[in-house]
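Undergrad: One letter stands for each residue in the lines below.
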Amino acid sequence: MALEDLYREVILDHYRNPRNRQGLGQANAVADGSNPLCGDEVRVELLIEGGEVTAIGVTGHGCSISQASGSMMGDAVKGRNIETIRILTGRFKGMMSIDGADDPGLDPNRPGAVLGDLEALQGVRKFPVRIKCANLPWTTLEEAIKNFVASH
Amino acid sequence: MIDTDAIRSDFPILERRINGRRLAFLDSAASSQKPVQVLDAMADIYRNSYANVHRGAYTLSHEATEAYEAARHKVAVFLNASSDEEIIFTRSATAAMNLFAYGWGLNNLESGDRILTSVMEHHANIVPWHIIARHTGAELRYMELTDGFRLDVEGARDRFDDRVKVVAVSGMSNVLGTMPPVDEIARLAREVGAVVLVDGAQLVPHAPVDVQTLGADFLGFSGHKMLGPTGIGVLWGRRALLESMEPAEGGGEMIRDVRLHESDWAAVPHKFEAGTPPFVEAIGLGAAVDYLSAIGMDNVLQHDRELTGYALERLAGVPGLSVQGPADTVDRGGAISFDLAGIHAHDVATILDQEGVAVRAGHHCAKPLLRSLGLTASTRASFYVYNVPAEVDALVDALDVARRIFGLDSP
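Residue numbers (this note's numbering), protein chains in the order written: chain E, 1 to 152; chain V, 1 to 411.
Do not take every clue at face value.
[What the hints assert, rightly or not] Where chain V lies over chain E, by a calculated footprint (3+ residues, C-beta under 8 Å): (1) 5–14; (2) 55–65; (3) 68–81; (4) 122–135.
[Unchecked claim] Covered by chain E, per the in silico footprint, the following chain V stretches (three or more residues, Cβ under 8 Å): (5) 109–119; (6) 226–235; (7) 352–364.
What the hints contain is simulated information worked out from the structure, not anything from laboratory work. Glycine is no exception: its CB is placed at the ideal position from the N, C-alpha and C atoms.
Please model the entire structure based on the sequences and the hints provided.
TA: Printed below as a string of structure tokens:
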């Protein structure tokens with residue numbers, strides 16, 4: 001179990017230079033997520049128009065894994081429709097499952113082909129206590145979409 | 001000086017290798033490891049003398065009861081309590097604090113009264129008071145910290161007013177290591193007629209405590225942080241106060257008589273021990289008390305201080321590291337919390353774990369304190385009788401690994 005599997009350069013880059021890190025004044029779907037055990041906090045704000053996420057803001061504070069995961073998530077869902085995002089979320093969480101039973105079929109010969117930058121987070125699976133960190137932004141995203149669907 | 005080689009040989013878990021490295025266990029402030037003497041004492045009861053206590057008129061029950069009450073006596077002697085009856089066994093320090101809050105606070109506080117505590121408390125000495133304040137209308141007030149991470153008792157003098165009915169303060173901060181002047185706080189409390197509760201969860205395992213001179217009226221602590229098992233804690237209280245205090249839980253064991261519409265309480269301490277108590281755990285705690293007494297609590301404190309002094313010195317050499325706590329070892333225990341610039345505490349702990357170094361990362365159940373320090377999480381290393389300077393070195397080396405992985409090597 002190498003630390004290099006966990007702290008890939010692309011993860012550290014997203015941690016140091018997080019993308020989509022701004023509040024959205026015009027958001028119509030918002031959710032807050034936290035992991036009370038370690039204090040990680042994430043806020044996801046979405047602008048959903050015609051079933052599509054046209055803008056996303058991911059803010060908060062916490063460890064490199066939770067913050068990098070949120071940064072990559074923003075890039076991955078922007079411009080996608082809600083149904084595609086649901087499938088993507090399922091794949092990401094599958095990649096994070098400990099036993100790999102729900103592995104979304106990543107191709108080791110073509111890194112990034114299935115989930116893009118997000119595949120860099122697959123090393124987290126080998127550090128079970130950190131899986132929650134990687135999943136936190138995604139669980140918060142699901143919550144935001146659920147809130148939107150319930151009110152529209 | 002204490003013989004750490006001999007002590008370490010009593011702790012089987014210290015032989016473990018973690019991720020291929022020798023374990024450096026630096027998280028005793030969260031929970032300590034257990035010596036074979038404690039494990040054996042508990043196994044002996046389960047194997048040879050197990051039956052419910054204070055119930056059956058048969059040999060096994062008698063033996064278990066004797067062992068349970070002997071453990072109470074050991075704890076009473078350890079604290080220099082006036083009598084064994086002043087020792088109430090609970091399931092944890094948290095349960096001890098809650099017993100006092102519900103038993104005493106709920107029945108003695110009313111609207112307009114004040115509860116005085118401090119900003120450096122563990123949640124176990126804050127949240128019960130939130131609940132009691134809501135029930136009684138009493139108001140919760142706080143003592144603050146000085147810039148040097150000491151409790152600012154001088155600056156809080158005007159908060160010791162006639163409306164203060166209870167002062168609840170930690171004897172040692174689990175985050176800062178700060179040991180506030182409990183005797184001075186107790187003196188100020190007595191001047192306004194307030195009762196004093198000391199959260200001894202960190203103090204009792206790490207320093208000699210004599211309740212005759214401590215100044216407190218009540219003292220709560222747990223067994224698992226002082227080499228004993230989980231599931232056992234203690235509330236010590238002055239006998240007269242315990243006798244007038246209401247029970248917080250009803251059930252078997254705590255009654256003298258039960259009728260259809262009312263019941264009479266048993267005498268202290270049994271009045272506060274409803275249901276089958278964690279008596280095997282209490283016996284384990286008794287063995288832990290024997291173990292610590294054999295070392296001598298003055299020696300335990302001195303050992304912790306020496307390691308703390310060494311660690312503070314070594315950590316001062318780590319670039320970007322800032323310690324939240326007193327910079328010297330005066331009135332300070334062996335819990336060192338720190339922030340490493342550019343690396344979140346959670347990441348620090350993961351990397352240290354890969355190097356075999358076990359530390360705590362997070363808010364340490366002291367969110368108001370961390371918020372007042374402008375932090376959401378920190379890393380904490382803490383020491384006990386089995387720790388050695390080489391483990392401090394392992395910590396510092398592992399912090400270098402963390403800085404390297406995060407690209408923070410000095411140019």
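Undergrad: Compare the structure with each hint and give your call.
TA: Status of each hint after checking the structure:
Closer than 8 Å: that is the beta-carbon criterion, and the region 5–14 of chain E has 3 residues meeting it against chain V, so the requirement of 3 holds. Given a C-beta distance limit of less than 8 Å, the hint that chain V covers the region 55–65 of chain E holds, as 5 residues qualify and 3 suffice. For the region 68–81 of chain E, the assignment as covered by chain V is violated, since 0 residues bring a beta-carbon within under 8 Å of that chain's beta-carbons and 3 are needed. Interface restraint, the region 122–135 of chain E with chain V: holds (4 residues with C-beta to C-beta distance below 8 Å; minimum three).
Look at the region 109–119 of chain V against chain E: 0 of its residues bring a Cβ nearer than 8 Å to a Cβ of that chain, fewer than three, so the hint is violated. Interface restraint, the region 226–235 of chain V with chain E: violated (0 residues with C-beta to C-beta distance below 8 Å; minimum three). Given as covered by chain E, the region 352–364 of chain V passes the check, having 4 residues with a CB less than 8 Å from a CB of that chain where 3 are the minimum.
The structure shown violates the earlier hints numbered 3, 5, 6.
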